[in-house]
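Protein chains: 2
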Amino acid sequence: MKAVSTDSPGERLGSYNRRTFLAGLAGTSAAFAIPESCLAFAANHSQAEPGSLPETKAPEPPPPPHHKIRFSVIGINHYHVYGQIAAVQRGGGEMVSFYAKEPDLSAEFQKRFPQVKRAASEDEILNDPSIQLIVSAIIPDERAPLGIRVMQHGKDYLSDKPGITSLEQLAQVRRVQAQTRRIYAIMYSERLEVRAAVKAGELVKAGAIGRVIQTINIAPHQIQNPGAGPRPAWFWDTSRYGGILCDVGSHQADQFLYYTNSTTADVTASQVANVAHHDHPNFQDFGDMMLHGNGGAGYVRVDWFTPDGLGTWGDGRLFILGTEGYIELRKYADIAGRKGGDHLFLVDRHQPRYINCADVDLPFGRQFVSDIVNRTQTGQDQAQAFLAAELVLKAQKQAKVLTFRP
Amino acid sequence: MKAVSTDSPGERLGSYNRRTFLAGLAGTSAAFAIPESCLAFAANHSQAEPGSLPETKAPEPPPPPHHKIRFSVIGINHYHVYGQIAAVQRGGGEMVSFYAKEPDLSAEFQKRFPQVKRAASEDEILNDPSIQLIVSAIIPDERAPLGIRVMQHGKDYLSDKPGITSLEQLAQVRRVQAQTRRIYAIMYSERLEVRAAVKAGELVKAGAIGRVIQTINIAPHQIQNPGAGPRPAWFWDTSRYGGILCDVGSHQADQFLYYTNSTTADVTASQVANVAHHDHPNFQDFGDMMLHGNGGAGYVRVDWFTPDGLGTWGDGRLFILGTEGYIELRKYADIAGRKGGDHLFLVDRHQPRYINCADVDLPFGRQFVSDIVNRTQTGQDQAQAFLAAELVLKAQKQAKVLTFRP
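Which chain is which? The protein sequence lines are Y and H, in order. Quick note on numbering: our numbering labels position 161 of the first sequence as 161, and the sequence is numbered without any gaps. Quick note on numbering: our numbering labels position 149 of the second sequence as 1149, and the sequence is numbered without any gaps.
Do not rely on the hints blindly, as some may be mistaken.
[Stated by the list, open to error] Taking lysine to any residue and the SDA-like style, the derived pairs with C-alpha atoms no more than 25 Å apart in a straight line are:
no.: 1; chain 1: H; residue 1: Lys1205; chain 2: Y; residue 2: Phe404
no.: 2; chain 1: H; residue 1: Lys1205; chain 2: Y; residue 2: Gly309
no.: 3; chain 1: H; residue 1: Lys1400; chain 2: Y; residue 2: Gln384
no.: 4; chain 1: H; residue 1: Lys1339; chain 2: Y; residue 2: Ala276
no.: 5; chain 1: H; residue 1: Lys1205; chain 2: Y; residue 2: Asn274
no.: 6; chain 1: H; residue 1: Lys1205; chain 2: Y; residue 2: Gln398
no.: 7; chain 1: Y; residue 1: Lys101; chain 2: Y; residue 2: Pro62
no.: 8; chain 1: Y; residue 1: Lys400; chain 2: H; residue 2: Asp1308
no.: 9; chain 1: H; residue 1: Lys1205; chain 2: Y; residue 2: His278
no.: 10; chain 1: Y; residue 1: Lys400; chain 2: H; residue 2: Glu1108
no.: 11; chain 1: H; residue 1: Lys1400; chain 2: Y; residue 2: Val401
no.: 12; chain 1: H; residue 1: Lys1400; chain 2: Y; residue 2: Gln398
no.: 13; chain 1: H; residue 1: Lys1339; chain 2: Y; residue 2: Gly341
no.: 14; chain 1: H; residue 1: Lys1400; chain 2: H; residue 2: Ala1269
no.: 15; chain 1: H; residue 1: Lys1400; chain 2: Y; residue 2: Asp266
no.: 16; chain 1: Y; residue 1: Lys101; chain 2: Y; residue 2: Gln115
no.: 17; chain 1: H; residue 1: Lys1205; chain 2: Y; residue 2: Pro406
no.: 18; chain 1: Y; residue 1: Lys205; chain 2: H; residue 2: Lys1339
no.: 19; chain 1: Y; residue 1: Lys339; chain 2: H; residue 2: Gly1340
[As the list claims (entries may be wrong)] Computed footprint of chain H on chain Y; a stretch qualifies when at least three of its residues, placed anywhere within it, have a C-beta under 8 Å from a C-beta of chain H:
no.: 20; segment: 216-224
no.: 21; segment: 296-309
no.: 22; segment: 327-335
no.: 23; segment: 357-371
Quick caveat, the hints were computed from the structure, so don't treat them as lab data. Cβ atoms here follow ideal geometry from the backbone N, Cα and C, with glycine treated the same way.
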């Protein structure tokens, strides 16, 4: 990457794929349109001085879906299912039926989607040849067995994460997926459905930080979601949700593989602990793992210690270190005071730069529906999805269990 | 920690050791005096709404030193020596002489300190009974042998970091220190001489984030210090500087032990790489390590990839996760646009809070000189300083060497 330094802020990113990068900013009246919420801040910082922070915003009107599919839902034990449904609908999916064995969850679902048929059984859905895709957020340890039945019925599958909770399940899923050539997708939403994460992927691909060396994810979560009821029993039981690295960490393993573009990877080391939830002895409230792949290294910390004062469920961060710069995402909050989420910071050879990603398009739903129709892998790479699962399952299995001085 | 919520911002930290915390803010006209540089920002964020960010500033006039000592300098191969000297002088030290074998470095030193005697040899200094302390930033692998001679001559020692470059050296240093009862201090300046890091220590001790669970340090560094000459040959030679984890990482191992208050600790795993400096095959430009101790866990990433656009040598971060909240330090830069360094963010049960630490007192020099006079360990715990060295030496020795796809 050769630097091209001019007085025009629009030139400051240098010559690397400038067209690609600026295309991402299309629609702004200038590359540095400043959101109103940041005006007071920006007014205090001249662009000319070091430490100043040019702002960019990248609105992209989402293109309409190109394809239509029919899908159904089986298993609605986690509210993530609503996000999965929304993504598939945005992509051109028509939801035709659902099944869940829990009457209370079913009633809530029906209230939300009164036009969707409540099936009498799982088999009723699996045996309906018009259904192309099954979406599920069933209890985690039931996701792989269900997905196997789905694939064996000739349908594609979109599971909530974790999509697989043991290495034995993973081996079976891989075998059946290879036999049936169906899609076993896992909704790693903290990348696929986060606008700042999508933007980071574009920037990395465009070479904005050179060659990626490492990713660090810090992923705190909140035990009690404000406004939601108490967590169900399975939430506290490692044998059901797979452990904190398997569950929460699967998002981050996906990001590590994606941003480092690793096609092979392994776990260097991992740790778990139950620091402060001794009333739930089978729960893990802290975990971390060190990863390495053929495209770079990775580190992930997950925990259930988001303090109430944050105002949202977690201060999720992603740091992508490259040979020519680095990116930081503040995905859901910015404790420095910017409102909302989707904050991207890019520091390169020339300056720090802030990109508000609130208007970045989320392509996953559209890509995924298109993949179902065209038998492609544009929304999610099948091997990468499985490798992310493999990493967290290995990390979970070999994790050193920490206990600290009380 | 029980919450005490009132309308007074000064009350919002809750009831934990409020006296201790507010004592740290003494001298501000209110707990929330806002630095002028932040006014435009603060004006845009009402304290009442979520995501708002009350600002505090904690000016403390440094108390005068209570003690006087005489000290000399042996070995000035790293410019860190000037920071070490300044700390000891602030604490009451009088620099009387120096020795270095390099004529060019000696000439530069003499220009800076014309009143300080240039000794003819190391022995001249070691045999001067009026000298109580030797300060050194000699080439890293010579620091321990020198420190051993210093202690054997009945003097205390303040080494630049890394203070020790092999486990064999460490064993010898520990033995001689135990025999002589001299002080073998290592200047972990990224905690001891960073105002935000000092403030974080106060907050942690006061219980501001509950019990500490983990620390994460991200510590990028810059190969070419603007305005400085080229790096000397030893900088590129792992056998001389000890490797990236030993060298840069010793700062972070110290912080892990200090903030988790761990008295025993070990390395879970570590990795090193030479990603982009193949013209220096014995150099390491990336490293990371996962640590665990009896007080908490730790993760450290070190690298030499600070991009020029940052405007300073490194975007050093520290995240301290506690059971009741967390602290983030942006030690030397804030890519979100605040000027300078020493930015501390605290999120607890009640809100995110920003503390500008620019005026926080640096007590190390004063404490250290007092320790020399009173044979105490207030500035640095001897066992902790050695344990930090032990961790990085083990991490370095057992590090997995990574190679990525070119």
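query = Has the given pair, Lys1339 (chain H) with Ala276 (chain Y), been kept, meaning a C-alpha gap of at most 25 Å?
reply = violated (37 Å)
key: Given pair status - Val401 (chain Y), Lys1400 (chain H), alpha carbons within 25 Å   = OK: Lys1400 (chain H) and Val401 (chain Y) at ~21 Å, within 25 Å.
request  = Verify the proposed pairing of Lys1400 (chain H) with Gln384 (chain Y), using a straight-line Cα cut of 25 Å.
outcome  = Since the Cα atoms of Lys1400 (chain H) and Gln384 (chain Y) sit roughly 24 Å apart, the hinted pair holds (cutoff 25 Å).
task = Would you check the hint for Lys101 (chain Y) and Pro62 (chain Y), treating anything up to 25 Å between C-alpha atoms as holding?
result = violated (36 Å)
key: 8 Å C-beta criterion, at least three residues: is the segment 357-371 of chain Y covered by chain H   = Result for this restraint: violated, n = 0.
request  = Would you mind confirming whether the straight-line C-alpha gap from Lys1339 (chain H) to Gly341 (chain Y) stays at or under 25 Å?
outcome  = holds (23 Å)
message = Does Phe404 (chain Y) sit within 25 Å of Lys1205 (chain H), going by the straight-line distance between their CA atoms?
response = holds (17 Å)
key: Pair hint Lys1400 (chain H) and Ala1269 (chain H), alpha-carbon separation not exceeding 25 Å   = Given that 25 Å is the threshold and the Cα spacing comes to 8 Å, the pair holds.
query = When you check the alpha-carbon spacing of Lys1205 (chain H) and His278 (chain Y), does it fall within 25 Å?
reply = holds (24 Å)
request  = Sort out whether Asp1308 (chain H) lies within 25 Å of Lys400 (chain Y), counting only the CA atoms.
outcome  = violated (39 Å)
message = What's the verdict on Lys101 (chain Y) and Gln115 (chain Y), does the C-alpha distance respect the 25 Å limit or exceed it?
response = holds (19 Å)
ask   = If you draw a straight line from the CA of Lys1205 (chain H) to the CA of Asn274 (chain Y), is it 25 Å or shorter?
value = holds (22 Å)
In this structure, the hints that do not hold are numbers 4, 6, 7, 8, 10, 18 and 23, in rising order.
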